[in-house]
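Each chain, written out:
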Amino acid sequence: MELPLEYFIKLRNLIYERTGISYEENKIYYIKKRLQQRMDAGGFDKVEDYIRHLKIFDPQGREFQELMNLLTVNETYFFREFSQLQVFAESCLEEITREKLAAGIRNIKVFCAGCSTGEEPYTLGIILREMLENFSAWRVLIKAVDIDENVLGAARRGVYDQRAIKDVPQAYLREYFTTPSVGEYAINPNIKDMVVFEHLNLMDRKALRYEEDYDFVFCRNVLIYFDDVSRKQVVDKFYGMLRKGGFIFLGHAESLSRISTAFRIRRLNEQIVYQR
Amino acid sequence: MINIDELVSDLNNGDEKTRAFAAEDIIFDKIPGGVQLLIGRLMIETSRYVREVIVNCLKGIKGRDVVEKIIPLLSSDDAFIRNASIEILSTQGEFATEFMRKLLGDPDKDIRKFALDILFQLKNLNTAELIAEALNDPDINNLITAVEYLGHMEDTSYTYRINQLFINTDNILLRCTCLETLAQIGDEESVRYINKMYPRYEETSFLEQYSFLKFVARKGADIHLPLITVLMEEKGQVMPKEIINAIEGILARYPQEEVPSELLQALDAYLRTDIDAINKYELLVLLGRYRNQEIYRLLIKYLEPDQPLICMGAAEGLGLYGNPEALPILVQLKEKAGDPDLAETIERSISKLKQQME
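For the protein sequence lines, the chains are X and H, in the order given.
Every letter in the first sequence is one number past the one before it in this note's numbering, and letter 16, counting from 1, is 16.
Every letter in the second sequence is one number past the one before it in this note's numbering, and letter 8, counting from 1, is 8.
Bound conformation, chain H alone:
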């Protein structure tokens, strides 16, 4: 038999474990008014542990009642309560969606921002449409958030709006966010606008270069390669991932037998710099897919087992490159390879080369 009074009393007990267990039991036993009891306790609770338990309990129940009672907490001065409210509302599915529509019209810009965060996490069918309402938000941060979330949701219905925002804004942060979103959902018009906006590398601000490279990685064309080569030389150490992604993206979209010789020279030099081993691994695998004669020598040069990741990239690249002359070298290397992943990679490349010889 559940003793409601005892549970309520336990929720205010001096011992934190007793309070935590009472919170769990109130929700488990569906005590009438339980949500309000827990919220009341949460507002005065000082133990982080009990607060965590209460929030987790509230996340476990779904319904309008919870949503209605939690929404006012978004205005709390306590950051834990605000964040907890976002977490709880984000688990409420359809129950929360309609309430968020109202919050998007709230005069407080922070509340509108929370509504966007919750909608993004809800990921219901209508949420992209609601998030897109914030493309008219007078607050620039909320506008940027909406653009970013629409990109993450890969919803192409709003590409036109974002293209327009991109060309019409003077705000550099909004422009960067548009670039990254258009990398996900951009169309041919986006490519045209962006080429028009950045005709020359010198005219691209440092902050925009990152976002621009992200766009180029997804939507760029071979006309962008010279620009990337310049960036590689000047900024290769600070944004290697963006540069490599952009090169990989363009080469994948515009298949060719050989890497353009200027790009190959730049990549050769890039491999000799201090970029991380993982970046070298990726470049070596990438190069293995192209037929330039120089690439074979380059791959052989990096077959050093004392640097397993780089060696793995070179071995994998040789398997892709397909020159049978590499076979005895790889067989010999495999005997020296201490790293099991490296040995397995070499073995796979050996098999590939043997298959090609048959």
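The following block holds chain X by itself, in its conformation from the complex:
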């Protein structure tokens, strides 16, 4: 399939307008492969016809969603999107703890939306344990939610394969995992106990109303599954849950700029972060 840059840019702009996800030009190959799959499924020979279909003949956005499902099928694994976690650990967390210590408060609350099988909340648990000075003096809560009961079951078990732990530094692997059998890695109770898993539908109007004073919300690569109005509703809910000064993290290619103007935009260590 040919994907001239002109059409790549058109498609990229369309995706950005509708989802806030931005693909760099070096992703042309990544997109090309997935685009081909959708074009084959829909019987399209030319990219321009497919893009026209998305723009004009797909008012419900069904085909667009199919394409996005392919583009966003991401493996979930520990320490995914490391540079973002680095900003969380080295800049945002440092800022929050400094403020809290000055106010004599020693609690940290993290909300993890669309936590899937638990790799992200456990990663955050490891980071907090590593980064918080005098960890035992802090009260830490990581609430991790997902709409799918099956993935929550796996998250609660906390046993992973080689692929999931491929980016875990060796020292952390030794410290925070055991190997119940060959090729299996079980997260240790000292991390597991930091995380509370809950079944929750983010679109439930009242579900998040009583959640408050969170320092961090992680909602990475989740908003893509919502339509425009729902996406805004969910982000408004997150805003209401955060304490003033709290941070929200979206996927590294996702942006809030088309979703909400309520957050403050900051640039920390070459990363864009959003703060209440």
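Since the hints were derived computationally from the structure, they do not count as laboratory data.
A few of these clues could be false.
As the list claims (entries may be wrong) - Derived DEER-like restraints, expressed as beta-carbon distance ranges: (1) Arg62/X with Gln237/H: 23 to 29 Å; (2) Phe135/X with Gly93/H: 41 to 47 Å; (3) Gln60/X with Asp65/H: 20 to 26 Å.
What the hints assert, rightly or not - In silico DSSO-like links for lysine-lysine, alpha-carbon gap of 30 Å or less: (4) Lys192/X with Lys100/X; (5) Lys336/H with Lys32/X; (6) Lys17/H with Lys206/X; (7) Lys336/H with Lys33/X; (8) Lys166/X with Lys334/H; (9) Lys301/H with Lys33/X; (10) Lys32/X with Lys334/H; (11) Lys10/X with Lys235/H; (12) Lys33/X with Lys17/H; (13) Lys32/X with Lys354/H; (14) Lys62/H with Lys55/X; (15) Lys27/X with Lys334/H; (16) Lys27/X with Lys46/X; (17) Lys27/X with Lys352/H; (18) Lys354/H with Lys33/X; (19) Lys62/H with Lys33/X.
To be verified - Derived, one-sided and incomplete: chain H residues facing chain X with beta-carbon distance under 7 Å: (20) Lys17; (21) Glu52; (22) Val53; (23) Asn56; (24) Lys59; (25) Asn245; (26) Ile278; (27) Glu282.
Backbone N, C-alpha and C define an ideal beta-carbon position, used for all residues, glycine too.
Given the coordinates of chain X, assemble chain H onto it according to the supplied hints.
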């Protein structure tokens, strides 16, 4: 049991979360007069968060009532309210379309512009026809907007009108917009007019060159290639995408076995400049489709795995070019390729070459 008074009171509570939740509940519970209540709050609300929630709630309900109550807000002095009104009206579908027809006749040019923006986002069956009414708008910005939107909507019913605007206007911005719209919906007459307007490269202003290239990319012919070669040499660094698109477009519409030798020389030189890797990738893939002998050597030259995207373009180009001599080189390269996408591209080219040898 819903307590309406309590909800109304909560909407004016001192706590922003209480106000936001009240706004959601008023709409969810379909409280009579809810739309007016929310609009009233929106006008005095200072919290950005609550404003966002109210706007999103208003977007969730559809009907004439919402449209009628929101339209006056288009005249607000507050930019947030104006933009929010456009957003809300753009979600109203058929309910909004007829009201927009009236707004297109509004004496305020800004209101007419908002009506065009809303119609464009509505994308109903009648919206192109309504947008085309603004081709008679006395305000040049609204006229330009209408031309642009008709192009985006790819509605060819108005090609004649836009051809006429193109040849009759002295306004350079309108001419550029016409060029870009005609790139989408132009016909043979458009090509004739445009060739007549720009007989020589020197006579094209810098601003128009971009739009002209966009037109040529979609509708241009091989007679435009010499002009593009000149542009490549002079402006290749500032508008590479437009130039490459124009070349790709023309070569695709006028299939030939070989790239004209002057163009190939220019492309060879262009590849040696500082244009972005993605542009080089695209050019290398493009060259792979043609049979000139020089192209094989050119593609081999760019097989450097330390520049994955360029290397990927060369490897993909070699697969298309189809010279089996490239096979051992690609096999060797694949072993060195660290980048998984690059390795996969090389593998695909290897398979293609093997298939051709069978």
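Looking back at the numbered hints, which does the structure fail to meet, lowest number first?
-> Structure breaks hints 1, 2, 12, 19.
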